[in-house]
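Protein chains in written order, with my numbering: chain A, 1 to 319; chain B, 1001 to 1121.
Treat each hint with caution, since some may be false.
[What the hints assert, rightly or not] List time: in silico DSS-like cross-link candidates among lysine-lysine, alpha-carbon distance up to 25 Å:
(1) LYS1071(B) / LYS1024(B)
(2) LYS1046(B) / LYS1105(B)
(3) LYS1012(B) / LYS308(A)
(4) LYS1024(B) / LYS303(A)
(5) LYS308(A) / LYS50(A)
(6) LYS1012(B) / LYS1024(B)
(7) LYS1046(B) / LYS1064(B)
(8) LYS1046(B) / LYS303(A)
(9) LYS1024(B) / LYS308(A)
(10) LYS1012(B) / LYS1105(B)
(11) LYS1012(B) / LYS303(A)
(12) LYS1071(B) / LYS1046(B)
(13) LYS64(A) / LYS50(A)
(14) LYS64(A) / LYS1046(B)
(15) LYS1024(B) / LYS1105(B)
(16) LYS1076(B) / LYS1024(B)
(17) LYS308(A) / LYS1046(B)
(18) LYS64(A) / LYS1012(B)
(19) LYS1046(B) / LYS1024(B)
(20) LYS1064(B) / LYS1076(B)
(21) LYS1012(B) / LYS1046(B)
(22) LYS1046(B) / LYS1076(B)
(23) LYS64(A) / LYS308(A)
(24) LYS50(A) / LYS1012(B)
Worth flagging that the hints you see were computed from the coordinates, not collected in a lab.
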Amino acid sequence: MALLTYREAVIDIEAGEDVLSALLRAEIDARHSCRAGVCQSCLHRAVEGKPPPAAQEGLSDAQKALGYFLACLCRPETPLAIVPAQEAGDRFEVNVQAIDRLGGDVVRLRLEHGPDFVYRPGQFVELIAEDGLGRHYSLASHPEEDSFVELHVRLHPGGRMSGFIAERLTPGRRMCIAGPLGSCIYEGIDPDQPMCLVGSGTGLAPLVGILRDACRRGHRAPIRLYHGVREPHGLYLHDQLETLACERENFSYVARALSVPPPEGGDVAAAVLERETAVADTAFFLCGGERLVTRLKRELYLKGAPLKQLRSDVFAPAS
Amino acid sequence: MSSLYDRLGGAKAVDAAVDLFYRKVLADGRIARFFEGVNMEEQIAKQRAFLTMAFGGPNNYTGKDMREAHKRLVAKGLNDMHVDAVIEDLSSTLRQLGVGENEVKEVAALANSVRNDVLGR
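Looking at chain B on its own, in the form it has when it is part of the complex (with noise of 0.2 Å):
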């Protein structure tokens, strides 16, 4: 059986929800206060890293960057709520794109994988 990136559709797949993805998470009163006064082209190519890890894809994404890079956003009140808000953010990026509830349930679970670490744990 082919690995769940192929089944997604590749870096193709990552193009297609990178977009939506990122607009709910702007959009979403939950979490949009971590995204203020970013750089929008250096996190969408965050976004498309975060995207090609959840989907199975290749990355060299170490739990040491992950601490490194949200340890400001922790201490600016980052919990678990917000890491469940980006997680359901993501899911229904892909439903919206027609992928079906298995893939969803693995990109989830893949997404969730770096909970601990996102989290300072």
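Isolated chain A, as found in the complex (with noise of 0.2 Å):
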């Protein structure tokens, strides 16, 4: 394996040459600025290889452990396969094993694939049906308790992949999926941290995987979940959170529908707000709707929470 691939490409790197100077001189319009590793801008991920350590300065632990570095950072002494941060990387065949409606509108996808697929709970992939329709879902499933992937689609009337999925998708049919992709992994937490995962809508997907992965971890603090839907039948796994809330002395779930007056119902951020006190030892992860993700986010910052331990998702619209 050459020094340094970019996607397919070989790319020619001098002794001593940094990853991006490479790239650059290769004619690649990697994105960049600063070129002292601090703005950031030039985040790659290592799809094969280890990049240096030196070349992680300033990442999150979750980052790290996933493989992305700074290009202009990184010299490499062992081959590298990269590709742009946000990008998915290769294609996995799967086979859709089985298609189940949860609630509400949401369904319950899972796809069984083989073992180059390696993830960690809390990332999301790009489901491909066809050329041309991919979308971004979130992974609820355990890489070391179960052989499939499991995806929660919400069905949006009119839109392009939930008719695909509600129409034409069959079990044992065979599709792709691309990535993974995202750092909301438990990585970098104390066993002793409180966790707070808040969820708007499919945002419970990541979540799902995210606090199987730490109770198998052996998480010792109390973890509280909170799931914000618009009406109260999105609250598709009410039951499965509230047994295992009795089950578990250390979990909580706490449910909150926009349509139900408050104290029972009302806006998931304003109990999230409410409740959450000592947000600067707390490891957050907050995943759905732009704006809940965005103002959550803001206002525990400003009420003294460590961006680092602010982790996101945010599900974006398909444009």
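Two independent chains are provided; combine them into the complex using the hints.
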């Protein structure tokens, strides 16, 4: 394997040269600005090989574990295959195992994958139905417990992927996924640090994966999960999560439907801001629509939460 | 004598200061409006770059970058008073972290050195 591979192409890199310079010399339009490891705009991800630690200075523990690095600081000594940070990377063939209606307009997809596909709970993939039709979905499954990946899909009336899943998808059909992507995972967290998971709609999916991972890794401190939806029938894992909250002493579950007046219902962000008081010591995971995630991130930060403890994953609507 | 950046503690000092500093800026009624609707991760990366420059650390920032980056804000009314507010927030961050008065002055002077570029003059 060559010392540097970008997407599929072998890139010429000189001894002691940094990856960013080599990419630019090869006329690849790599995003960059400061060239001093500060602005982080030249963030890339190694899909094969391990970047030198010096190239991961200032990144989060999750990003380090997932092979992200700064191209301007990276002088590889062993072979590296890299892609830009936001790019999904390799495609994998999967087999549709089950399609089940959960609650409201949410469908659960279970897809069998081969051993080549490796991921961490809480990451997301691009699900590719056919050429030109791909959407991002988070993973609710756990690689050490499940033989499949699990996706929660909200069916949008008139949505192309929704139509495909509702009308054309059947068990046994083969599809592709690309990824995994995202760094909202259980990493760099102290088992004695409280965790707060907040999701709106199918933002619950990655949180389920992260919750399962935290339990499996022996997380001891309290874990509080908030699920916010518009209508009560959107609380699609209500019974399972209530049961889990009864069984596990350190787990609690708060459900909020916007259409139900407070205190039982209302705005989930308000519930989080009211109940979460020790924000400086808590590990936050915020997943779902942009408005909720942006608002909570800002408010929690202003209340004293360090930005490193505000992990988030914004679900952007398909354009 | 070692450089200002080394005396302050290098990249670790930037790490320690950036959360405190950006929180002060967002909570500062004089300048908060310029940060409305921005992506916090991207903004924190920019603040890290700014602090690295102000701490005398390695950076490749040019006057042109500074002008380009703040053009939109100047059009929204960014002026000397707002630059003063940022330098004030920066100084109080450093004092809170126990940095000595001489270093605080040096940092403020470096931050001040980009004033004209930021304001497009």
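Going through the hints against the structure:
{"no.": "1", "hint": "LYS1071(B) / LYS1024(B)", "verdict": "holds (23 Å)"}
{"no.": "2", "hint": "LYS1046(B) / LYS1105(B)", "verdict": "holds (22 Å)"}
{"no.": "3", "hint": "LYS1012(B) / LYS308(A)", "verdict": "holds (14 Å)"}
{"no.": "4", "hint": "LYS1024(B) / LYS303(A)", "verdict": "holds (11 Å)"}
{"no.": "5", "hint": "LYS308(A) / LYS50(A)", "verdict": "holds (23 Å)"}
{"no.": "6", "hint": "LYS1012(B) / LYS1024(B)", "verdict": "holds (19 Å)"}
{"no.": "7", "hint": "LYS1046(B) / LYS1064(B)", "verdict": "holds (15 Å)"}
{"no.": "8", "hint": "LYS1046(B) / LYS303(A)", "verdict": "holds (21 Å)"}
{"no.": "9", "hint": "LYS1024(B) / LYS308(A)", "verdict": "holds (17 Å)"}
{"no.": "10", "hint": "LYS1012(B) / LYS1105(B)", "verdict": "holds (20 Å)"}
{"no.": "11", "hint": "LYS1012(B) / LYS303(A)", "verdict": "holds (23 Å)"}
{"no.": "12", "hint": "LYS1071(B) / LYS1046(B)", "verdict": "holds (15 Å)"}
{"no.": "13", "hint": "LYS64(A) / LYS50(A)", "verdict": "holds (10 Å)"}
{"no.": "14", "hint": "LYS64(A) / LYS1046(B)", "verdict": "holds (20 Å)"}
{"no.": "15", "hint": "LYS1024(B) / LYS1105(B)", "verdict": "holds (19 Å)"}
{"no.": "16", "hint": "LYS1076(B) / LYS1024(B)", "verdict": "holds (21 Å)"}
{"no.": "17", "hint": "LYS308(A) / LYS1046(B)", "verdict": "holds (15 Å)"}
{"no.": "18", "hint": "LYS64(A) / LYS1012(B)", "verdict": "holds (17 Å)"}
{"no.": "19", "hint": "LYS1046(B) / LYS1024(B)", "verdict": "holds (15 Å)"}
{"no.": "20", "hint": "LYS1064(B) / LYS1076(B)", "verdict": "holds (19 Å)"}
{"no.": "21", "hint": "LYS1012(B) / LYS1046(B)", "verdict": "holds (16 Å)"}
{"no.": "22", "hint": "LYS1046(B) / LYS1076(B)", "verdict": "holds (19 Å)"}
{"no.": "23", "hint": "LYS64(A) / LYS308(A)", "verdict": "holds (13 Å)"}
{"no.": "24", "hint": "LYS50(A) / LYS1012(B)", "verdict": "holds (24 Å)"}
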